[in-house]
Structure formats: C-alpha cells, structure tokens
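Dock chain V against chain H, hints included.
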Amino acid sequence: MNHAAGGAGPGGAIVSSPARDARRRTSRRIPWTQGIRRQYVVGWLFVLPALVMYGLFVLQPLALTLQYSLYRWDGVGPATYVGLSNYVTVLSEPRLIETLFNAFRLVLFFSLIPVGLGLVTASVIQRVARGRLGAISRTVLFLPQVIPLVAAGIIWGRLLSLTGLVNQGLTAIGLGDVTRAWLGDFDTALSAVGIIGIWVLLGFCTVLLLTGMTKIDAALYESARIDGAGWFAEFRAITVPSLRYEIGVCITVTVIAALAAFDIVYVSTGGGPGGATAVPGIQIYILAFLERQVGLASALAVVLVFLVLLVILPIQRLTRDSAS
Amino acid sequence: MVGITFGGSAKPRSLVVAAVSAMLLVAGCAAPGEESTPAPPTSAPATAAPSEGSAAPSASAAAAGPDCGTDPVELNAYFETGFDLPFKLSEEFTKQFPNVTWNISQDQFTNLMTATPRLLSGDNPPDLIRLPSMVSLVKDDLLKNLDDYATAYGWDQWPPAQLAQNRVAEDGTRGSGSLYAMGLNYSLTGVFYNKEKAAALGMTAPPQTVAEFDDLLAKSKDAGELPIMQWNATASGGGLAFPLQNLMAAYGPTEPINDWIFQKSGATIDTPSNQQAAEHLQRWVEAGYFPEDANAIEYTDANSRFGKGEGVFMFNGDWQNAVYDTDLSDNVGFFVFPPLEADGNMAAMSAPLTYGIATNAEHADCAAAFFNWVATNETARQIDVTVGGSNPGGPTDLPVPPAAEGSVTNETLAAGAEVAKDNGAMDFIANATGSIFAQGWTPELQKLVGGRQDAAGLLKAVQAEYEKELNR
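Going down the list, the sequences are from chains H and V. Numbers given in the numbering used here equal positions in the first sequence, counted from 1, plus 1070. Quick note on numbering: the numbering used here labels position 280 of the second sequence as 279, and the sequence is numbered without any gaps.
Okay, chain V solo, but in the shape it has when bound:
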C-alpha cells in the first residue's frame, strides 16, 4: 500500500528544506543523459571484410564473413519469453560450434520494450537482443550498424524486401539506409479458419475477393456462429488493427501504408482508400461479426476460444501455427486476405522476427555469424519452420524446408510465396512509432467497437496522434 507517516510531530518545513537542498544538489549536475557519451560507432567488424567476399552470394558463402573462432565465446543474449525458436536455435548453434556458449536472459515482450534502451546502454550490452522497435535506438547510437557484415556475408544479395524493414536512414525514416537488425525468420499474417465450420457454410475454397469473404461472414452470422473471433482489450492492444490493415491493403496500394509506418515525411494514414477500409470495418462491427465484448478479450483468451471452436475466422499470424495445430489438429486452415477484385494483388502484414546487436557488444562478430548461420544453415532453417512456423528467408537459392504433414504451416508458407510474388508485404500499422498502438490505434479501435467513434474520426485521431508524437 501507500507509505505515508501519520501523526507524530512531522515537520513539513524541514522536509521542504531537505527536498530543496536535494534539488539544488541535482541541479548542480549535468542535464539528464548528458554524461552518457556513447562510443563512436566502430567502423568495421575487426576480422571482417574479405574484399572478394561478395563474389558468391549463395549458401556456400556462409564462411565469407567473420565467424566465432575457436576460443571459448559466451554470447550474452536477451530473448522473448514464450517463444521457443531462439532457444532452440541457440542450442543447435552450440551443438555445431561447441566453443560458443550462451548466457540467455529472457523477458516478456512488453518488458523488453521498456527495458531495451537501458540494456543496450548498460555496462554489459547484449550481443544479441530481441528488438521491439529500432528508430529511436538507432538515433541514440545504441545499435550496431550491420552494413559491413551484410557486405561480408552477402546479405545484400538477398531479396531487398527482406532487409528493408530493418534499415534506418540518416533522417530517421525506416525502410532504407543502413542495416541495424536481422530477422531470425519472417512472419506472415492472414485469416485462419475453422475448417469444419467453414465447410458447413459451403466454403470449398478460400474466398477470392472481399465480397466473397463478406458473404461468408454474413452466412456464419445467419447460421448462429460467431463470424470472427477477435481480441481488442487494452492489455493485448487493439487487435482490430489486423482486419483494418488487411482491408486497407485491399482498398488501396501497400506503398503509402509502408511509407506511413516508416515515417516518410508527409505520409498520412487518413487517405480516401483507407477511409473506405475503415468504413468497411465499421460495417463489420455494426453487423455484429466480432464478439460484442471484444474490448474485454485479450489475445490469449481469443486464441484459446478459437481453439475450442468458437468463431469461424480469426485474423492472426503464423507465429500461432503450432498452437492452432495442437488445439484444432487438422481442422484449421489459412488464407491471405483476398483483394477487392479477383485478379488484384495479394498483400499481407509480414515482419521479420527482429534481433539486433548492441553498439558496444563484446562478441558482435560471433552474433553476426549467428544471424548468417540461422538464414543459411539447413538445420537452422528447418528449426525456423518447425518451431517458429515462419519462412526462414535468406538467399533465394535455398529451398524452404517442409513443415510437418497436416500442419497449417504448409498453408502459411505457400501463402507467403504468393504475397512475395505480388510484392505485397507490409509492416504493421501498430509499429509506426513506439506508442502509436497504445495511444492511437488501441483506444480509437475500442471506441469504434463501442460505437463512440466512426471510420473517418478513427483515422483522423490516429493521424493527429502520429504527428504529435513525431513532432515532440
């Protein structure tokens, strides 16, 4: 409870004196943050850059960059609690390179979001850390520039879209510029569906247009089913951003959406096509396609309810594959959200599972070697698919390892290929700034569900919040 002293002879005046003198003491010191003088960025990885390294950008180029050597190395890593993938990868890495051991700390993603700047600027900066967002970290010079590694290992020969989200330009916009992070794999989002329920509605193949999807939603409502299982509680963030962004990509091109997320100057989310998308979402809300208590449903609750057979469809990402496979074995399918017209482009939110290296990391070379190994080693790529459920990315000449028979991962991997063909990958609108999700999307989408906000107002409010945050 709250600590306060009662009764006795409290002497307010002496307390004030103490407080003021403490103030003066502090005021004599430097401004906050001034004493931390970050070391200048190291120009090149010490053992890096064999000048002819870029010659053969393929699987065999794995050894071109620096490696972990033969001396004992202990990698200092921060992983996200609840996700097995990095742990399994680190085990396998040690199996293949016995001189490398791990000192792994783990924390919830939300805690990592708040702790990352402190960890990176601390005395023992991590060699490898899960990154929530990166622009402000790059501004504070806390993340290692990976350009030299990219050249040495030939990452710059991979499909550019893979690395784009991890690039930050001089002016602080994302999407281009120097490389500051790598993905362990590349997730894909779309629509999961309960196969039995969908078949009962007469769905024989995934919908090819938004109108066909609308039709399926109406049918499920008529059949007394919950059309879309959805989380939208504050603790998990406004999950309605998933269907909204899918609708945005159906009504308009993906490029302006990415520009907005990457903070390109003059970008706005309040465009005519996005308004049509938001209006479409509002119609879904008003038609009762989402649970009426969506604002009180958290992410884990929504998933477990969908897993127990509540809801025909659910917007989510392939990181959930393993859970769905367990809960709804052989009864869960996946499709990418359809375009407006049957021959339209496929688009989906897709983001790397981002990890970075601290500017002052002790074993940066070995951490970079780990990144390269994850993307190119056959066993690592298999772990990426089996455990992570997502595409391992990497060079185009390496095959994507198969998932287990009957796993929905096979469907998400196939769908990912379609999206890549149409160059339809988008980052998440929730990731545009550090708090646009908490301060913009989540409260406004909750108001939409509660009937206290309309489509136009939603986009205006979020855009205002976005500009306010960027101008601060």
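In isolation and in its complexed conformation, chain H is listed as follows:
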C-alpha cells in the first residue's frame, strides 16, 4: 500500500483515492522537504501583500532618501550630484551636530525614566492593586497613548506657561522663586519637553511590563517569600530578570521615540528657544521644506537612521539572547 503512491505528488494522490485516505497518506508519505516547500509558498503568499506595502512605503522611501542624500536638490528643479558632501556638512556644522546631542539627551527622559518608573509602577500595581483599582490605574496611565499628541502638546504648553498651573502650584507651596516659562527658558526647555515625553511613554511601558508580569510563575514569588525575601529582593531577583524581553521592547520603542522625536517637540517648543530643543526630526523638516535642501535633509535623515540602528541593534541582541 505504501509503494502505490510512490512518486506521485500530493495532488495526484488526492484525485486517485478517497479523500480521507489520501489525507492520511499525504501526511505520512510526502517527502518532508516537499511539504516544507509548499508551506513556504503558502506562507509567502500570505506575507506578500504586507511585503509589497513594506517595499513600497518603507524600503523605497529609504532607498530614495539614500539617493537624494548624494545630490543637491531643491525638490523640484534639476539635481546636481555632490557625492558625500552633504554628509560632510551634517557632521561638520555645529548646529546640526547639536541636534544629534539633544536627541541623546532626550533618551534619558523618553527611555530611561519611563522604563525605570514603569517597572516600579507595574510591580506596585501588581502587588497591591490587582482588582478594579489596578484596571483603573492602568487605564489612566495608558490614556496619553490615546490622546492626540497635538492636543496634549497645547495643553502642556498652557500648563507649563508662566501663568500656568505648574507655576501656580509652585507659588502655592512657597516656591515662587523658581517659576518661569518652562518651555521658553533655555535651561529648562529640554527637560520640560522630556517631562511631556515621560507622561506620554510611562503608560505604554507600565502596561507592557504589567502584561509581562502576569506570566511570571507565582510559585517563584511564594518560594522567595518563604525564604524571607522582601519586596525589593523579589523585584530584583525575580521580576526584573523575568521581564528582560519586555524591558528590551520598552527600551527599543522609547529610544527610537527619543532619537526620532518630532511630534512632541514640534507642538511644544518647535525646537526653540534658540535651538535649545532642536532635534534631528525638526531640523530635517526645516531643511527639506523651508530651506528646500532635500539632499542635506536626506543626509541628516540617513545619519539619524544609522544612529538609531547603532543604538537599537545591541539592545535587541542583548535581550533576545537572554530571552532564549
């Protein structure tokens, strides 16, 4: 019986014998490499629409950006090939380099603080507020992800203005001396933007980490408690190591949000005052659309992509290795 269908393909087998029989036989008798190949084709067919979209809207613009970065072009007229000179400009003009430094300063606010604070918040919620209180606090923390950033930016602008709620609060508790226009002051503008970033990203990190915590085996905590471990010891020895993968995701997303920041900065300070909060995203926008230096803007964008990859790839590798 086995040799009957010998070299016949799966299709032939189906036609020549009762269906049920055939199914059993194909599953047993088709050489495994062929089955894999078929799975492959079907798999690719499923992926194809997404892949076409990805190629059209991600890879093609990326390739075009790379190409534009080698030209001097105003976006409409003829373009002149200039080799790598746009990159030389990006890496030699202090104003453009400063935007890259600002981007890394934002990492502290957009990434390190939300992830750190998110860990603490999530473990507190998990420990003391499992029921309805936990759901409410999760929702409240996650809300900034739902509110349109532009609206949020305008409200934050009001809150942080000279006569805003923040300064009113400070005055009320006797700190009237430190009040200022937080977003318009050279010393505080970047930090103020960073605080808006914390507000936006903290909920995202907390919810993600909280989800990760639910899959940690409760027995681990129990045995730790039997051994007399306190909250911090549990947190350090069980929670954080078990969440390495989730922490990796959080750091990746937030670091990219910091380095490629545009929306939060654009609606709160626009890069001001005097370039104190200028980040690459804003500068790319100004160069491409106001100065119409499409080549230079593209070069800065390519440098930014390169920097993001440089920071993200090690993080990805680190968390993936430990996860497996």
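Hints may be right or wrong, so weigh each one.
Said to hold, decoys possible - Just the calculated beta-carbon pair ranges, DEER-fashion:
id, chain 1, residue 1, chain 2, residue 2, range
1, H, 1332, V, 470, 24 to 34 Å
2, V, 105, H, 1153, 33 to 43 Å
3, H, 1186, V, 194, 49 to 59 Å
4, V, 381, H, 1163, 30 to 40 Å
5, V, 83, H, 1164, 52 to 62 Å
6, V, 326, H, 1220, 18 to 28 Å
7, V, 194, H, 1238, 46 to 56 Å
8, V, 285, H, 1225, 28 to 38 Å
9, V, 271, H, 1217, 30 to 40 Å
10, V, 158, H, 1238, 52 to 62 Å
As the list claims (entries may be wrong) - Sample of chain V residues lacking proximity to chain H, with all beta carbon distances greater than 12 Å (derived):
id, residue
11, 120
12, 290
13, 324
Said to hold, decoys possible - Quick look at which bits of chain V chain H covers, simulated, 3 or more residues with Cβ under 8 Å:
id, segment
14, 112-118
15, 293-304
16, 442-451
Calculated directly from the structure, the hints in this document are not laboratory data. Quantities reported herein were computed from a predicted structural model and do not represent experimental measurements. Glycine is no exception: its CB is placed at the ideal position from the N, C-alpha and C atoms.
What follows is chain V alone, placed relative to chain H:
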C-alpha cells in the same frame, strides 16, 4: 507610535539584500528632479496685448487686457486659511462675472510654504495661489511671468514701489526685473497702542522721535504696566524682528536693508547703524520692556493678551486691524515707528499680499484679469479696506475707500500715506530667504531675550546663516 517588529525570526541579511536591490533599482533611474522638464515659458498671454493698450493708464483702462470671456471658467485657487479677504473678493468677482466660478482649496500659511512647489509643478497647477516666497519658484520656472499683463493692463504705470517686491531679476535678486506676482493689497506695520493706557501715561500725540518713545516705555514700566506685548516663540517665529527692523530703519537708511532682503550681491545686515539698532533693542530687553516669557508666547496669544488689555504698545501689522477693532473697540490706536530725529524720514515694513499664477495654469488670463479687477474695481477696493484692513494700491488716480468710522484702519491708512510720501517702505528682514527666519532671526532673537546673545553677535550670526544659505 514607532513601528518595528520584535522577536520572531527576523532575517537581517535578506532585508539588507532587499534594501540594496531597491537601491540599485532607484540608482538606475534618473537623478531626482531630472524627469520634470518644465514647459518653456509661454511668450505672451494668448488674447493679450492690444498694442495701443498702454495709452490710458487709469481706472478706465481696466478692460484693456484680457478678460474672463463669456464661456464658463472655473478658477483653481489656493488661499490662506484664516484670512477672509480673498474669499470675499472671489465671491464679489463671481457676482460681477457670473461665468467665473471658483474651485478654492485652502491651507495654513506654513503648510503653503512647504506645499507650493509641489502644487505649482503638479498636474493641476493653480490659476491663483498665495505665495510665501518667490525667488526659488521663479528659478524653477514655476511662476508665470506677468510682464505682458502688466503692459496690457497698464500696471507698469502704477507707482513702481508697489510692484518692486514682486519683481525678480535674471540673477535671482528681487526688487527689479520681471513681474511674477501681484498684491491683492499692501499691508503696513507699525505700533498699535492701548489708548486708555497711553493717555494715562500722558501720551497726547504719537511720539515724534525714538527718544520720546523710549520715554513712554520707561513711564509704562514705572507705572507697573507691561510696556510692549510681544510674541517670540518658535511656532510663530521671532516677532522681535518687528521692533528690530523698525529700529534699523530709524538708525539708518532703508535701502541697504531692502538690498539685503532682495539678495543684492555683497549686501550685509551687519552694518554699523544696524548694530546701533540691535543694541537699542537689547537695552529694551534688559530694561524688561518685553514680557519675560516672550520666548514662550505665540502670535495668537500675544494678540489676545493685548486685546484683553495687557501691554501698552504692540508691534504688528494692519492685517490685525479687524481683530483689534473687535477686542479693543475705540481703544486702539496706531502710529508708524518714529524716526531718530523729529524731521527724519518715516519708514515701515510694508508688503503686498502676494498671489501668483502657475506657469502652466489653465486660466492664466482670467486670473490676471482678477488681479486687475481687485486693484481697480470700486467694490473690490472697498472690500480690500473693510475686510483686509490694508491699502488696495492700484493706480494713483483712484481714491482709497474709507474704512468704517472709529476703525483703527483709518489710522493705518493715513499712516501709510505718510510712509509712501517718504518712500519708506521696506520688505521684511524675515523674508530675505526661505529659512532665514526659522534658522537665523528666530533662534538668535530668542537668545537675545534669554541673555545668551548680544547685539553684535546677533547680526553676525544672522549674516553668517544668510551667506551659508545663499552659497548652498
């Protein structure tokens, strides 16, 4: 949020291969922009140029150039959001010429700044579009040359200063050469003041010299008032450029400033008289005459605060007249910034509300006829004043229509006449290049407010940015 894939079996190598092959595909194509071969400029408007048309350059010459005919015409127009004037004018135009209808798109000015090149070079180029800046558009041959229309309609008989800002020469400098745009009206800037507060300080007539103005500022500070309401936040651009340029025109002649704005070769903003002006501004900043949080105040906030009675003076333009009339009815006045000496020349920033026609526009003739109608038709000119708050310009033999009784527009129109008499009109220093405002004036003026830049450094930094942009 940011889209990125996590976990799974990502295959970096195949991604790289895909990216590289995509690169090769693209690299095989032409250089960016090469395929767009703009049509050669059409030599003359099709139905234009009756050769004897220039004979009578007056209101009656309105019919000399091409018109919109009698067949149905749909004008494809891009207007600026938030300003009623062009919408009201287009309504009236259709009322008078029923065969003309409008397909109006509108957008914020900042969006128009970034979108204009794309719109003009696109498949459906606008017949009429609000222009942010024009030199680069002319270089790319995206704007219609209006010289033939100017001859046909007799625009070249109008006061030359009216059209100068819309001319671009062969070498890319503005101020002379061929005409590429027209103003729907001509705005004027100066100092608005809160009449009650100014009277309380003892101001009975507008200051005649900078020193008198200084005196008023000091008095308002002493009286516990905010002397000057001012916006200087990045989103609106460094509004401190208004008082700075007024001071420049007080300390020196306007011509070098215009040369700089028009990108005449060798022009510099870093002149001794401009330095005195910048130092004067720095003294105002240090004396606390501006809000301490000016760097966080946006244009609309500053205006609404001034409208609510905060601030004695405010530097702004007559496009704001209607709002001030509403907010501070009968309590707002206007004067042109005074010269250094009492008998000195009056000067002010004044710019046309610039509109252009795409090189490949379908109904260029009708759009040109609209320009001519706006400047010469009695109803259109009245709309210009009532809705726009600015001088309609046009031929000198046409009277400027009166504004409503009690409107500050009466004061701005009268002031405009004085400035014209002294030939003191300047364009804005913020308009010298496409990004000198965003990359030069705004950050440097913010540093001045924040005490991180001085007058000399300010001008040097802006000049360096200007040269860098022109040499790119």
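| message | Hint compliance check: list the failing hint numbers for this structure, sorted ascending. | response | 4, 5, 7, 9, 11 and 12
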